[in-house]
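Asker: Chain residues, written in single-letter form:
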Amino acid sequence: MKRLLVFILMTLNCVAVFAQAADRPEMADTFRSSGKIYVVVSTVVIIFVGLAIYLFSIDRRVRKLEKLEEPEKIKKDK
Amino acid sequence: MNTILSIASTFYSFLQRQMTKIWWKILVVILILYTLIAGFLLGVPDKFILNETIRNLYFHVPMWMGMLSVFVMSVFYSIKYLNNGEEKDDLAAVECVNTGLLFYSLGLVTGMLWAKYTWGAYWSGDPKQNSAAIAFLLYCAYLVLRNSIDEEQKRAKISAIYNIFAFPIMIVLIFVLPRMTDSLHPGSGGNPAFGKYDLDGRMRAVFYPAMLGWSFLAVWIATIRYRIRLIEHKNNSL
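First to last, the sequence lines map onto chains F and W.
As numbered in the working numbering, residues 157 to 234 make up the first sequence, in order.
As numbered in the working numbering, residues 1106 to 1343 make up the second sequence, in order.
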C-alpha cells in the first residue's frame, strides 16, 4: 500500500512537471483575472494626468510671460 | 527634387504653426493616456523570455521616436539658422537637442532595465548599446561645444554646422551599424525586429499611437523650453 502510494505520488509529480513544460510562455494571467492590474493602470494614469496638468500650467505661465514681454506682437500673431 | 523640398517645407511650416495650438496638446494627452491604458490591458503575443515585458515596446521604443522627432526638428532649425542667421532659430535648435537628450537618456535607461531581464545584464557591451552610448556622447559634445564659445554668432554658426553633421552620424550609429553586425537587440544580425513576427494587429493598435503620442509630447516640451529660452534671451539682451 505504501509502495503504491509512493508510486502514484511520483507519477503525479511527473504529470505536473510535464504540464509545466508543455505550457505556453508564462504570462501574468492571474494578475489580470484578479483585477489587480487595474490598480497599476489607474496609478500610471493618475501620474500621467498629474504631469499633463502640470505641463499645461507651465504652458500657461509661459504664455503670460510672453504677453508681459510683448503684448502688441502676440495680438498681431492672432 | 525641388517640388519635394517645397512640399516638405510647406508641411513643416504647417506643423510649426500647429505646434503651439491647444489641439496639439490635447491630442498628446489623449494618445498617451490611451497607450497607458491599452498598453497594459490589451492582449499581447505570448513569447518565451520576453513574457509580459513585451509591453515595454509601447514605452521604450517611443522614447527613441520622441528623441528622433526633436532631433530632426533641431537639424531643421540649424539649417534654417544657416540660411537666414536669425538668432531665434539657433535657440530653437539647442532647445530641441536639450529635449532630445532627455528622451535619449530615458530610452537608454529603459533599454538597460529591459536588457537586465531579457539579456541578463544591464550593459552587455552589445553593439546597439555601445553605439547608442557613443551617439549620446556625440550630442553631449554638441552642448559642450556650444557653451565653450562666447561670441554669439560664432557659437550659433559652429554649433549649427556641428548639429547638421552629428545627426546623420547618430542615425548611422544607432539605426544602421548595429543592424549590420550580431546584436542582441531586435532588428539586428538575423535577429528579427519586432515588426516582422511579433508585432501583430493587437500590438500595432497601441504601438503606433504610442509612437505618435510620445513624439508629440517631446515636441510640446521642446516648444515650451524654446519659449522660455526666448524670453530669457530677450531679457538678457536688453
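What the hints contain is simulated information worked out from the structure, not anything from laboratory work.
Keep in mind the model is a prediction, meaning the values are calculated, not measured.
Ideal Cβ placement from N, Cα and C applies to all residues, glycine included.
Each hint should be verified, as a subset may be incorrect.
[Stated by the list, open to error] Now the in silico label distances, taken between C-beta atoms and shown as ranges:
#1 F:Gly191 with W:Phe1153: 22 to 30 Å
#2 F:Gly191 with W:Leu1120: 38 to 46 Å
#3 W:Lys1339 with F:Tyr210: 54 to 62 Å
#4 W:Lys1339 with F:Ser190: 40 to 48 Å
#5 W:Lys1193 with F:Arg217: 34 to 42 Å
#6 W:Ser1229 with F:Ala184: 21 to 29 Å
#7 F:Leu207 with W:Phe1280: 55 to 63 Å
#8 W:Leu1187 with F:Val196: 46 to 54 Å
#9 W:Asp1255 with F:Arg217: 28 to 36 Å
Asker: Could you work out which of the previously given hints the structure breaks and list their numbers from low to high?
Answerer: 3, 4, 5, 7
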